[in-house]
Structures are given as structure tokens and as C-alpha cells.
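Enquirer: So the protein lines, in turn, are chains A and B.
The first sequence begins at 1 in the numbering used here and counts up one residue at a time.
The second sequence begins at 1 in the numbering used here and counts up one residue at a time.
No lab work stands behind these hints: they were computed from the structure.
Treat the hints with caution; some may be incorrect.
Residues from chain B shown here face chain A by an in silico Cβ test under 10 Å; the list is partial [stated by the list, open to error]:
#1 Gly159
#2 Leu202
#3 Glu286
#4 Ile413
The beta carbon of each residue, even a glycine, is placed where N, CA and C say it ideally should be.
Number of protein chains: 2
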Amino acid sequence: MPLSSAFIQKCRDLLGDRQVIADTESLRVYECDALAAYRQLPELVLLPETVDQVQALLALCRRYRVPVVARGAGTGLSGGALPVAGAVVLGLSKMQRILAIDPENRRATLQPGVRNLAISEAARPYGLYYAPDPSSQIACSIGGNVAENAGGVHCLKYGLTVHNVLQIKLVTMDGELLVLGGGGLDTPGYDLLALAIGSEGLLGVVVEITVRLLPLQPRTQVLLAAFASVEQAGAAVAAIIADGLLPAGLELMDKAAISATEAFAHAGYPLEAAAILLCELDGMPEQVEADSRRTRRLLQQHAATEIRTAVDETERKRFWAGRKAAFPAVGRIASDYYCMDGTIPRGQLAHVLQQIGALAEASGLSVVNVFHAGDGNLHPLILYDANRAGDFEKVEALGGRILELCVAVGGAITGEHGVGHEKLNQMCVQFRAAELAQFHRLKQAFDPLGLLNPGKAIPSLHRCAEMGRMHVHSGRLPHPDLERF
Amino acid sequence: MPLSSAFIQKCRDLLGDRQVIADTESLRVYECDALAAYRQLPELVLLPETVDQVQALLALCRRYRVPVVARGAGTGLSGGALPVAGAVVLGLSKMQRILAIDPENRRATLQPGVRNLAISEAARPYGLYYAPDPSSQIACSIGGNVAENAGGVHCLKYGLTVHNVLQIKLVTMDGELLVLGGGGLDTPGYDLLALAIGSEGLLGVVVEITVRLLPLQPRTQVLLAAFASVEQAGAAVAAIIADGLLPAGLELMDKAAISATEAFAHAGYPLEAAAILLCELDGMPEQVEADSRRTRRLLQQHAATEIRTAVDETERKRFWAGRKAAFPAVGRIASDYYCMDGTIPRGQLAHVLQQIGALAEASGLSVVNVFHAGDGNLHPLILYDANRAGDFEKVEALGGRILELCVAVGGAITGEHGVGHEKLNQMCVQFRAAELAQFHRLKQAFDPLGLLNPGKAIPSLHRCAEMGRMHVHSGRLPHPDLERF
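Start from the sequences and build out the full structure, keeping to the hints where you can.
Expert: Rendered as C-alpha cells:
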């Protein structure tokens with residue numbers, strides 16, 4: 001159903017025409033996020049500049065029963081900001097002020113549209129930085145990071161967004177402003193802060209974020225190790241963690257990733273290796289030296305065929321250059337690729353890579369594997385050609401199988417990209433009816449009309465029942481109070 | 001209203017007589033938790049031994065509309081397990097099996113009645129331990145730790161319970177079993193794990209917990225520093241944290257605490273000091289050495305009048321002995337004491353201690369201060385005589401003022417003890433109507449009949465309105481849909 005002209009006029013009254021986008025050409029920018037395989041042209045995009053405007057808009061949308069899809073920088077990889085028919089897109093990109101850098105308490109307070117990297121840039125003069133660093137950090141916004149609980153290369157040591165946010169202000173669908181969290185380790189009442197982080201725009205719209213800043217590490221060291229098999233690389237990862245080392249980053253690339261990357265970025269990776277590990281250590285110089293020695297010893301014990309230590313900052317950056325260029329590099333060898341995101345127990349690493357290989361072969365597709373190995377977060381890149389009919393359907397099917405494999409080995413269908421539109425079916429595999437029903441009840445407690453980002457992140461019980469993933473008693477779902485979801 | 005005999009009989013049928021307590025003498029044990037100033041004799045205590053029994057009991061209670069107060073070891077300090085008239089107490093103490101120690105994945109899976117210290121004892125042969133260490137760790141249970149999001153001396157570095165739990169199984173008031181969380185950093189869907197931790201028995205009953213185990217640190221070092229003023233000690237704390245050091249523990253004791261403790265534990269604390277700091281550093285030997293040097297330098301720069309470094313494990317234990325005996329030591333100089341728990345920004349430490357002194361003097365009571373200074377968690381102990389009429393009312397009033405002071409300086413009314421029965425009024429100070437209303441809506445999503453631990457943790461909007469803390473429009477609360485709370 002198209003939006004009523006009365007509603008659109010009220011939006012214009014609230015924001016002024018400059019902050020309302022309704023012409024098809026300009027709307028085109030908003031038809032997808034970075035998961036560009038799915039598109040839906042929105043009818044109206046609203047670009048508020050103040051918290052008051054967000055509150056007023058949500059209250060207005062509620063009055064008119066208009067669904068709302070919030071959007072940050074549009075860099076999300078699971079379709080969380082994909083427009084929904086009949087809904088408005090609420091773009092937070094104009095709210096991009098850094099409200100405070102507080103070096104004494106090591107905090108920064110930010111509007112949601114502030115770019116991730118801009119936080120660390122603003123904190124640098126004080127010797128501080130913001131730890132989570134998604135690979136899109138030059139473009140992605142802190143509001144989107146909160147919505148998706150974004151991670152990055154360093155989350156093994158420094159955690160995801162949820163571990164680095166102290167407080168948020170959240171506007172509910174009523175237009176009410178909630179202040180969640182605080183400065184301390186504990187806050188009284190239910191932990192609505194953790195609940196809201198990663199809720200993918202389904203519970204409210206984040207309009208202000210206070211993050212923790214960390215002191216810049218005085219020393220950073222990177223080791224590169226090559227292995228003759230993925231199994232050996234996986235065993236080395238397990239040994240490093242088991243030894244009590246906590247690298248800032250611990251990345252694994254398979255042969256296909258090494259070869260694609262090397263051709264593009266010339267990082268000097270050993271092309272004959274079946275897998276390489278990049279291990280970054282940071283901290284005080286004495287600690288980094290000691291950790292580096294221990295890591296080298298462990299790598300040797302686990303049959304590394306070659307171990308290099310970056311001698312200076314230039315070489316360190318070169319070691320990373322390949323890994324960081326992995327996605328564009330793959331973009332050169334295939335016309336399109338689809339980046340998956342799942343998590344597995346570290347011990348399952350070699351087994352899962354082998355299974356992914358078998359699944360890919362069966363479907364006739366190629367897969368390049370890049371892992372945040374330390375925390376078991378895998379990013380298989382499935383190569384395909386979007387212009388070849390039926391290719392994307394095969395990719396979707398293979399992607400689904402890979403996620404289901406993650407669940408089967410005791411892992412999860414997300415690592416840092418969220419569920420969004422992409423992984424709805426796999427949610428039926430990850431969870432039983434009891435948990436899904438509780439998710440829906442919780443959603444009702446925030447958004448009883450179901451207007452916030454409808455159809456995302458949590459599948460309806462009907463959807464799971466149709467997939468055969470939920471037991472249906474004589475035509476009724478196990479949770480009849482939730483049948484309308 | 002007394003419990004119906006039909007209900008009691010059904011409980012006996014489910015559990016057998018051995019697991020049902022109904023005689024007054026035995027019930028007396030359950031009339032309070034460690035906040036013994038508040039007591040209520042329960043009518044019936046149920047002691048399930050299996051998850052199935054918990055599920056059946058909760059479903060039964062729901063059917064008979066009987067409220068349920070879950071109880072761990074009864075060591076809580078905020079009255080979270082205080083019985084409620086008309087409710088049953090659900091004791092989890094018989095469910096105390098360690099289900100698995102998994103050294104490879106560094107996890108332990110536990111029944112809720114397992115004692116906190118027993119986890120580390122079981123993990124020790126594998127070189128592992130469980131980090132959160134409430135001072136009651138010899139007695140308190142992991143289930144209670146989860147319910148209250150317990151902390152301990154080392155939570156500055158290692159976090160609270162919420163930061164160390166990977167998964168829980170939660171039985172809802174429907175008798176449904178939910179599996180929340182998983183092994184990875186991120187889990188899809190709403191973060192019900194973080195939500196449930198610290199929810200004080202209001203959302204469900206925890207029947208199984210999987211915790212993260214950490215490698216035992218190869219080296220631990222403790223420094224003791226004395227100061228001529230609390231301000232200087234506070235400045236030293238701020239300087240240590242600002243320098244990027246992350247001590248495992250950083251404790252402050254004021255003059256009254258030093259003197260009470262020294263008389264009891266003979267730890268060799270400097271009696272002439274206005275305050276002492278205990279700073280524990282742990283990690284690899286090289287790192288501990290380097291951190292220790294940096295810490296000493298900072299302490300010197302911040303006017304420490306004396307700095308001692310424990311030369312061996314015996315001296316380290318002696319340094320801690322005083323701090324650990326602080327509560328019993330205070331029990332010797334006063335017939336009764338009341339332990340408060342609040343959090344403040346570190347920078348407010350000296351100011352808050354001074355204000356607490358002024359408030360105490362105005363009320364004619366003495367206060368002894370013990371701080372987890374590193375994370376701003378204070379534990380003022382208010383001394384009184386329970387047998388003197390009117391004394392406890394003065395203590396309650398002073399305690400309330402101290403918590404409100406925490407809120408006024410930007411802190412919180414909890415640190416690690418929870419809200420329970422104790423801090424309901426201060427919740428009206430900590431939160432505005434919008435957040436409290438959202439808490440109640442969330443509670444309804446789990447427990448629509450309000451049967452789980454009623455009257456705890458989240459005050460009714462009416463209560464706050466009566467305190468004058470909430471604006472009431474022509475006799476109606478701002479959230480009319482929540483009037484029944």
C-alpha cells in the first residue's frame with residue numbers, strides 16, 4: 001500500500017523538504033545495502049538531523065502505522081537496511097557529530113552517523129582509539145555498528161561492539177527516548193543495553209552512543225606463518241589460544257585466498273602454502289617481545305613451513321595489506337562474490353574448511369576462505385556471475401548449507417554481520433520454537449505493532465513451520481499466541 | 001493467601017516428601033538471605049533435583065497462580081532471595097553437579113547449585129580457573145551469581161559474571177526450557193543471555209550454566225601503597241588506569257577500614273595512613289615485572305608515603321588477608337553492619353568519600369569504606385546496633401542517601417550485589433518513567449502473570465510516583481497500560 005499523501009506532508013512539515021527524499025533517482029541510492037543481491041526501491045527516505053526529529057517521526061509513523069527501516073551508512077552485509085515495501089527508510093547519515101571526546105574517562109559520545117574510523121581519528125590526539133574495526137570502517141557508521149553488533153579483525157582481543165559501548169540513547173516506536181546503560185561495569189535493572197546492541201533496528205532507533213576508548217598500544221608486532229595443510233594451520237591456532245596467548249588478531253587464509261590476494265596486493269605471501277596465518281600481538285614492548293617468542297615456538301612446533309616477523313611498521317602494513325585487500329582481490333578473479341559470515345568452535349576449523357570445499361564442489365561453485373581464526377569467525381567468499389541465470393540461486397543455496405554446517409558443529413549463523421534479510425531461514429535451524437517464540441514476545445514488548453524493520457532478523461514461526469523446521473500440531477503452531485507473526 | 005492443600009499435594013507428588021519443606025523449624029533457614037535485616041518466613045520450600053522437576057514445578061505454580069522466589073546459596077546481599085508472602089521458595093541447592101569440565105574449549109558446564117569456588121577447584125588440574133570471585137565464593141552458587149551478575153575483587157580486569165558466561169538454560173514461568181547464548185562472541189537473535197544475567201530471578205529460573213575458564217596466571221604480584229589523604233589515593237588510582245595499566249585488582253581502604261582490619265587480621269597495614277591501595281598485577285612474568293615498575297613510579301609520583309611489594313606468595317597473601325577480612329573485622333568493632341554497594345566514576349572517588357563522611361556524621365552513624373577503586377565500585381559499611389530501636393531505620397535512610405549520591409555524581413546504585421528488595425526506592429532515582437515502563441513491558445514478555453520474584457528489582461510505577469519521583473497527570477501514571485504494576 002502506498003504511503004498516504006497526508007503522511008508524506010506531515011513528514012515534510014516536520015523535516016522540511018531538504019530532509020525528505022521522494023524522487024526515484026535519489027531513492028535509488030537507498031534500494032539496498034552492501035548485500036546488493038537484494039533490492040527494493042523505497043517510497044520515501046527521511047533524513048532527520050536531531051533527536052527530536054527522530055522522536056517526532058517515529059511517533060508519526062506509529063500514528064499512521066507506517067513501518068520504519070533505519071539505515072546507517074548502508075555498508076551492512078546481511079540486508080539489515082534493505083527497504084521493505086510500504087515502509088519509510090529512516091537515514092541517520094545527517095546525524096554525524098562527535099558530541100564529546102572525554103579523555104579523562106576514556107569515552108566518546110557520538111551521533112549515530114559518525115563513521116567508525118572518525119572516532120579513532122578524533123581520539124588519536126589523546127593517545128586513545130576505538131577498538132572495533134569492521135573492514136568497512138572508513139565508511140560504516142557507529143549507529144550501524146550498534147545495530148549489527150559489528151566486529152572486526154581485532155575482536156578476538158578487544159571484543160565486538162557490545163563489549164565497547166557504555167551507553168546508548170534509543171528512541172522507541174512510541175517516540176520515547178530511553179537511556180540505556182551507563183559508565184560502570186554493572187547497571188541496575190534489566191540489561192537493555194546489551195539487548196539493544198545487535199537488535200538490527202527491530203527494537204528502536206539508536207540516536208546517541210557513548211563508547212569506551214582504549215589507549216593506543218605502544219607496540220604492535222605481526223607474524224606470518226605458512227603451512228602445508230589447513231589442518232596444521234588450524235592446530236596452530238588452537239595451540240596459540242590454548243597456551244594462554246591472546247593475539248590482537250589471528251587470521252587464516254586458504255590457498256585460494258592467498259593466490260587471489262597475492263596477484264592483487266603483492267604482499268609477498270608464500271604462494272606454495274596451503275594456508276597462512278597472520279598473528280598480530282600488541283601491548284607493552286616487553287610483553288610483545290615475550291609473546292612473539294612464545295608464538296614463534298608454537299608455530300614451529302605445529303609444523304609451520306615458514307615464519308616471518310615484520311621487521312618494521314612498513315613490513316607490518318605489507319603483511320596486512322594482503323588480508324585487507326582480500327575482498328577486492330576476489331572481486332578481480334570473479335565478476336561477483338557473496339561474503340558469508342558464521343562462527344564455529346576453533347577445534348572444528350579444519351573439518352569445516354574441508355566440508356565447505358566438498359559442498360562447493362558439489363554445487364559447482366568456487367569458495368575462497370578468509371577466517372578470523374582466533375574467534376572461529378569464518379568468511380567464505382562464494383564466487384559467481386550475477387548475469388548468469390540461476391547462478392545466484394545456487395549461491396544462496398550453498399550459503400545456506402554453509403551456515404547450517406556451522407550450526408551442526410556447534411557454532412552459529414552469525415559472527416559480526418547480523419541476520420538481516422539474509423539468514424532468516426537459518427534462524428529456523430539455529431533456534432527451536434521456544435526461543436523464537438520468546439524473541440517475538442520480546443519484540444512485542446518494544447514494538448507491539450511490529451513497525452520496526454519488519455521481516456528482518458527473526459523469522460516468523462510460520463516461515464519456520466513451512467521449512468519443516470517446526471512441529472505443527474493439527475494445523476496450529478506450538479505458540480498460538482504468536483500466530484500473527 | 002495461604003497455599004492450597006491441593007497445590008502442596010501436587011508438589012509432593014512431583015518431588016517426593018524429601019524435597020518439600022513445610023515445617024516451621026526447617027523453613028526458618030529460608031526466611032532471609034545474607035541481607036538478614038529483612039525476613040519473611042516462607043510457607044513452602046521446594047528443592048528440585050532435575051531440570052524436569054523445575055519445569056514441572058514452574059508450570060504447576062503458573063497453573064495455581066503461585067509466585068516463585070528462586071534461591072541459590074542464600075548469600076545475596078540485596079534481599080533478592082527474600083521470601084514473599086504467598087510465594088514458594090524454589091531452592092536450587094540440590095542441583096550441584098559439575099556436568100563437564102572441557103579444557104580444550106576452556107569451558108565448564110554446571111548445575112546452578114555448584115559453589116563458585118568449586119568451579120576453580122575442578123578446573124585447577126587443567127591449569128584453568130573461573131575468574132569472577134565474589135567474597136562469598138566459598139559458599140555462593142553459580143546460579144545465584146548469574147541471577148545477581150556477581151563480581152569480585154578481580155572484575156576490573158576479568159569482568160562480572162555476564163562477561164564470563166557463555167550459555168545458560170533458563171526455565172520460563174511456562175515451564176519452557178530456553179537455551180540462551182552459545183560459544184561464540186556473537187549470537188544471532190536478541191541477546192537474551194545478557195538480558196537474563198542479572199535479572200534477579202524475574203524472568204526465569206537458571207538450571208544450567210556454561211562458563212568460560214581462563215588459564216591460571218603464571219605470575220601474580222601485589223603492591224601496597226599508603227597515602228596521607230584519600231584524595232591522593234584517588235588520584236593515584238586515576239593515574240594508574242589513565243596510564244593504560246589494567247591491574248587484576250585495585251582496592252582502596254580508608255582509615256577506619258585499615259584500623260578495624262589491622263586489629264583483627266594483623267596484615268601489617270600502616271595504621272597512620274589515611275588510605276591504602278592494594279594493587280594486584282598478574283600475567284606473564286616479564287609483563288608483571290614491567291607493570292610493577294610502572295605502577296611503583298606512578299604511586300611515587302602521586303605522593304604515596306610508603307610502597308611495599310610482596311616479596312613472596314606468603315606476603316602476598318598477608319597483604320590480601322586484611323582486605324579479605326574487612327567484613328568480619330568490622331563485625332568485631334560493631335554489633336551489626338550494613339554493606340552498601342554502588343558505583344561511581346573513578347574521578348569522583350575523593351569527593352564521594354568526603355560526602356559519605358558528611359552524611360554519616362549528620363546521621364550520627366559510623367561508616368567504614370572499602371572500595372573496588374579500579375572500577376569505582378564502593379562498599380561503605382554502615383555500623384549500627386540492631387537491638388537499639390530506630391537504629392536500622394537511620395541506617396536505611398543513610399544507605400539510601402549514599403546510593404542517591406552515587407546517582408548524582410553519574411554513577412549507579414549497584415556494582416555487583418543487585419537491586420533485590422533493598423534498592424527498590426533508589427531505582428526510582430536511577431531511572432526515569434520511560435525506562436521503568438520499558439522494564440515492566442519486558443517483564444510481561446517473559447512472565448505475563450508477574451509470578452517470578454514479585455516485588456523485587458524493579459519498583460512499580462506507583463511506588464515511584466508515591467516517592468514523588470514520577471510526574472502524575474490528573475491522578476494517572478504516564479504509562480496507563482502499566483498501572484497494574
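Enquirer: Which of the stated hints cannot be reconciled with the structure, identified by number in ascending sequence?
Expert: Those not satisfied: there are none.
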